[in-house]
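Residue numbers (my numbering), protein chains in the order written: chain U, 20 to 246; chain Z, 34 to 537.
Careful: at least some of the hints might be erroneous.
Stated by the list, open to error - Far from chain Z by the CB rule (all over 10 Å, computed), these chain U residues:
id	residue
1	D30
2	S35
3	A40
4	E44
5	D59
6	A64
7	V124
8	G152
9	Q155
10	L157
11	R164
12	G168
13	F207
14	G239
Claimed, not checked - Covered stretches of chain Z (chain U as the covering partner; in silico rule of three or more C-beta atoms under 8 Å from a C-beta of chain U):
id	region
15	46-56
16	281-289
Claimed, not checked - Per label pair, the in silico range of CB-to-CB distance:
id	chain 1	residue 1	chain 2	residue 2	range
17	U	R85	Z	P302	45 to 53 Å
18	Z	P302	U	R164	24 to 32 Å
19	Z	T224	U	E127	48 to 56 Å
These aren't lab readings, by the way, just hints derived from the structure by calculation. Quick reminder that beta carbons are idealized off the backbone N, C-alpha and C, glycines included.
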Amino acid sequence: MSGRILVVEDDERIRSSMRLALEGEGYEVRDAASGEEGLDLFAEAPTDVALIDLMLPGMDGFECCRALRRSSAVPIIIVTARSDTHDVVAGLEAGADDYVTKPFVAKELAARIRALLRRARPAEEEPGALTFGDLQLLPEQGVLRRLNGEEVHCTRTEFRLLCELAASPNKVLSREQLLDRVWGYDYFGDGRLVDVHIRRLRTKVEADPAVPQHILTVRGMGYKLVP
Amino acid sequence: MKLGIGARITAVFGLGALLLSVLLGGISYFTVRHFLLAGRESAAQQQAFSNASLVKNSLESGDTQYVSLLAQIDAGTGAHSVLYRRSKAYVSSLSVNASSIPPQLRKDVLGGAPATQTYRNATGQAEIAVGLPVPAVQAAYFEVFDLSDLDHTMSVLGLTLFVAGAVTTLLGIALGRFASRRLLRPLSDVTSAAGAIAGGELDTRLDVEAADPDLVGLTLSFNAMVDQLQERIEREARFNSDVSHELRSPLTTLSAAVGVLETDRDRLPDRSQRALQLLSDDLRRFQRMVSDLLEMSRADAGSVDVFLEEVSVSELVRRSVETGIGHMDARRHGTPDVVVDPEVERWRVGVDKRRFERVLVNLMENADHYGGGVTTIAVGPGPAPESGSEPAGLVEVTVDDAGPGIDPAERAKVFERFYRGSASGRRGTGTGTGLGLALVAEHMHVMHGDVRVESSPDGGARFVLSLPVLSNADGGGDDDDGDGDGDGDDDATDELVGETGADA
Numbered sequence: 020m021s022g023r024i025l026v027v028e029d030d031e032r033i034r035s036s037m038r039l040a041l042e043g044e045g046y047e048v049r050d051a052a053s054g055e056e057g058l059d060l061f062a063e064a065p066t067d068v069a070l071i072d073l074m075l076p077g078m079d080g081f082e083c084c085r086a087l088r089r090s091s092a093v094p095i096i097i098v099t100a101r102s103d104t105h106d107v108v109a110g111l112e113a114g115a116d117d118y119v120t121k122p123f124v125a126k127e128l129a130a131r132i133r134a135l136l137r138r139a140r141p142a143e144e145e146p147g148a149l150t151f152g153d154l155q156l157l158p159e160q161g162v163l164r165r166l167n168g169e170e171v172h173c174t175r176t177e178f179r180l181l182c183e184l185a186a187s188p189n190k191v192l193s194r195e196q197l198l199d200r201v202w203g204y205d206y207f208g209d210g211r212l213v214d215v216h217i218r219r220l221r222t223k224v225e226a227d228p229a230v231p232q233h234i235l236t237v238r239g240m241g242y243k244l245v246p
Numbered sequence: 034m035k036l037g038i039g040a041r042i043t044a045v046f047g048l049g050a051l052l053l054s055v056l057l058g059g060i061s062y063f064t065v066r067h068f069l070l071a072g073r074e075s076a077a078q079q080q081a082f083s084n085a086s087l088v089k090n091s092l093e094s095g096d097t098q099y100v101s102l103l104a105q106i107d108a109g110t111g112a113h114s115v116l117y118r119r120s121k122a123y124v125s126s127l128s129v130n131a132s133s134i135p136p137q138l139r140k141d142v143l144g145g146a147p148a149t150q151t152y153r154n155a156t157g158q159a160e161i162a163v164g165l166p167v168p169a170v171q172a173a174y175f176e177v178f179d180l181s182d183l184d185h186t187m188s189v190l191g192l193t194l195f196v197a198g199a200v201t202t203l204l205g206i207a208l209g210r211f212a213s214r215r216l217l218r219p220l221s222d223v224t225s226a227a228g229a230i231a232g233g234e235l236d237t238r239l240d241v242e243a244a245d246p247d248l249v250g251l252t253l254s255f256n257a258m259v260d261q262l263q264e265r266i267e268r269e270a271r272f273n274s275d276v277s278h279e280l281r282s283p284l285t286t287l288s289a290a291v292g293v294l295e296t297d298r299d300r301l302p303d304r305s306q307r308a309l310q311l312l313s314d315d316l317r318r319f320q321r322m323v324s325d326l327l328e329m330s331r332a333d334a335g336s337v338d339v340f341l342e343e344v345s346v347s348e349l350v351r352r353s354v355e356t357g358i359g360h361m362d363a364r365r366h367g368t369p370d371v372v373v374d375p376e377v378e379r380w381r382v383g384v385d386k387r388r389f390e391r392v393l394v395n396l397m398e399n400a401d402h403y404g405g406g407v408t409t410i411a412v413g414p415g416p417a418p419e420s421g422s423e424p425a426g427l428v429e430v431t432v433d434d435a436g437p438g439i440d441p442a443e444r445a446k447v448f449e450r451f452y453r454g455s456a457s458g459r460r461g462t463g464t465g466t467g468l469g470l471a472l473v474a475e476h477m478h479v480m481h482g483d484v485r486v487e488s489s490p491d492g493g494a495r496f497v498l499s500l501p502v503l504s505n506a507d508g509g510g511d512d513d514d515g516d517g518d519g520d521g522d523d524d525a526t527d528e529l530v531g532e533t534g535a536d537a
């Protein structure tokens with residue numbers, strides 16, 4: 020599988036080893052030692068997945084994520100030193116699609132990238148067009164728009180998550196099911212990925228994200244979409 | 034029993050007040066008594082003198098109507114006279130007789146010397162008797178005065194002084210308590226500050242401005258001590274985080290680089306392949322150790338954030354056991370049975386799934402290395418909850434092994450860090466870091482659960498994990514069939530079952 024990957028990591032040795040490992044997996048890798056440099060590289064040439072270390076000198080990883088998100092829906096994986104801090108949630112809220120914890124195994128990282136690239140392509144079985152509220156979801160075109168024709172911008176992960184919920188309206192999907200279908204995680208995947216993405220999605224599709232009308236939480240069970 | 038400083042100060046004040054009031058009361062009492070008595074004595078003597086001269090004049094003029102003479106003298110004075118003449122005593126009223134005069138006084142006066150005596154009569158009344166010889170008429174004149182009014186005055190005074198003394202003593206005790214409170218207040222400030230610091234509020238300091246001038250030294254050195262303590266704790270936390278970062282970076286590099294080598298493994302010569310195998314195995318072990326150590330140091334620093342998710346306990350255990358089997362040497366011991374009590378099949382618990390997975394994997398590895406392999410893993414209800422406090426109770430997961438069991442004396446110690454019991458010699462190819470079981474306990478506590486060890490019915494060791502149950506109602510749907518409309522709860526804030534900060 021090929022893809023163009025941007026690695027933003029300040030430690031030169033980690034950068035080199037990641038480049039070696041990812042190139043070994045067949046990816047095309049460009050790397051940057053700082054957030055600013057990463058944004059420049061991103062602007063220069065198309066990128067399929069961005070890997071961003073959260074601890075960067077100068078502009079930190081969160082800011083770098085937000086800056087990328089402002090202009091692009093590119094899948095972002097953040098690299099964090101700890102999984103039990105609020106860093107993970109903060110990084111996801113800054114726009115990241117997934118995270119890996121240092122020290123990671125190269126195969127694991129490659130698997131995460133593969134899952135995101137798979138997501139970046141059209142899924143095999145897409146639900147038909149679905150209208151809920153004043154929104155229209157057109158999975159085959161990869162478009163979410165309001166009935167007045169205005170397009171709602173969301174990342175590919177958010178879009179994919181919405182499509183999974185839309186594929187079976189009114190049916191509860193557990194966190195584990197969503198982790199599996201959207202991120203390719205097993206049972207032990209991090210439920211916070213789902214929670215934060217649902218939260219982000221609500222800000223885009225709900226009139227009042229605090230009182231959702233369409234993407235509902237079923238306590239202790241999961242989420243469902245109500246048209 | 035040792036008295037506290039407060040009680041001792043109070044006691045000293047009370048005793049002091051008591052001694053002082055007894056002393057002052059006693060002096061006042063006896064001084065007043067002395068003066069009153071002396072006054073009465075001299076008054077009595079004067080009256081007796083004038084009466085004696087009256088008697089002398091009457092007798093010299095040949096009057097022999099002694100009784101009427103005495104009655105005349107006594108009239109209206111309240112005193113009683115007694116006259117001795119020619120060995121006969123004459124009295125003016127029935128209330129006195131010759132024996133009323135104390136014998137010593139009578140003897141002295143009849144011997145020719147005037148005398149005065151204070152005494153209590155046969156009925157207990159205080160009296161003063163004055164005796165005067167009247168040699169001119171060969172007689173002796175005695176006059177007895179009643180002192181009961183003085184007696185009464187003295188007893189009122191005594192009572193007053195006693196009450197005053199008691200009040201003074203009580204006031205002394207109250208003052209002592211007040212003083213000891215005042216004295217100890219800075220100490221109780223220190224106590225509460227120390228308590229707050231021990232509770233993790235490292236910014237707590239004593240107020241130097243408000244401190245007693247005599248205790249500024251204590252306040253300053255206390256604050257200095259806390260400053261140093263805080264600095265050390267922060268330095269340690271910084272050190273831990275630095276170590277974390279510094280160790281993770283090279284490990285990340287190593288792991289990525291070894292990953293590259295492993296991809297190209299087939300192109301390496303045989304010797305290098307074997308070296309690579311050793312390298313990658315030990316790298317994995319090293320990674321595990323580092324992450325265990327960091328986990329432990331984080332727990333010590335109290336900086337563990339837990340994300341608790343509500344999941345079905347039976348599914349959680351089954352999935353965790355699958356992972357555990359992957360970590361075990363199945364050829365050696367076979368795979369364990371998982372037995373779930375039908376009652377708890379749908380019970381739900383709040384856990385960090387990965388932490389629970391680590392707990393079960395650690396227990397299974399422990400059984401694999403030291404206990405002859407896992408025999409059974411069972412999920413069942415815990416002991417019945419105590420009256421109403423936890424309506425849902427506990428669920429217990431037991432892990433039994435085929436080993437010789439753990440000696441009761443060693444059971445509490447197996448959860449200590451780096452503890453290697455009698456099994457220490459059999460290290461073999463074990464990947465144990467000595468932290469596995471300590472981490473099990475740590476993880477369980479973080480998830481509000483617990484772990485203990487007992488012996489299984491087959492004589493092996495049985496580790497029992499207990500977790501509080503969030504819900505044991507059958508209303509919760511099965512995660513896998515995801516059937517339509519459960520009781521929809523639209524509260525978006527309930528997405529996270531629990532996110533506790535700094536929960537150590």
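Hint says 45 to 53 Å; check whether the CB-CB distance for R85 of chain U and P302 of chain Z agrees. holds (49 Å)
D59 of chain U and chain Z, when compared Cβ to Cβ, separated by more than 10 Å: About 24 Å separates D59 of chain U from the closest Cβ of chain Z, which puts it past 10 Å; holds.
With d taken as the least Cβ-Cβ distance between D30 of chain U and chain Z, does d exceed 10 Å? violated (5 Å)
Does the claim that A40 of chain U lies outside the interface with chain Z hold up, using a Cβ gap greater than 10 Å? violated (4 Å)
Are three or more residues of the region 281-289 of chain Z within 8 Å, CB to CB, of chain U? Holds, because 9 residues of the region 281-289 of chain Z bring their Cβ atoms closer than 8 Å to Cβ atoms of chain U.
Are all C-beta atoms of chain Z more than 10 Å from that of G152 of chain U? At about 15 Å from chain Z, G152 of chain U clears the 10 Å cut-off, so the statement holds.
Examine the region 46-56 of chain Z: at least three residues should have C-beta closer than 8 Å to a C-beta of chain U. With 0 residues closer than 8 Å to chain U, the region 46-56 of chain Z misses the three-residue bar; violated.
Hey, is G168 of chain U genuinely clear of chain Z, shortest beta carbon separation above 10 Å? Since the minimum Cβ distance to chain Z is about 29 Å, G168 of chain U lies beyond 10 Å and the statement holds.
Compute the least Cβ-Cβ separation between Q155 of chain U and chain Z, then decide whether it is above 10 Å. Answer for Q155 of chain U: holds, closest chain Z Cβ roughly 23 Å.
Decide, holds or violated, for the assertion that all CB atoms of chain Z are farther than 10 Å from the CB of V124 of chain U. Given a closest Cβ separation of 6 Å, the condition is violated.
Taking C-beta pairs only, is G239 of chain U more than 10 Å away from all of chain Z? violated (4 Å)
Would you assess whether R164 of chain U, listed as outside the interface, keeps its beta-carbon beyond 10 Å of every beta-carbon in chain Z? holds (24 Å)
Violation of the numbered hints given earlier is confined to hints 1, 2, 3, 4, 7, 13, 14, 15, 18; the remaining hints are satisfied by the structure.
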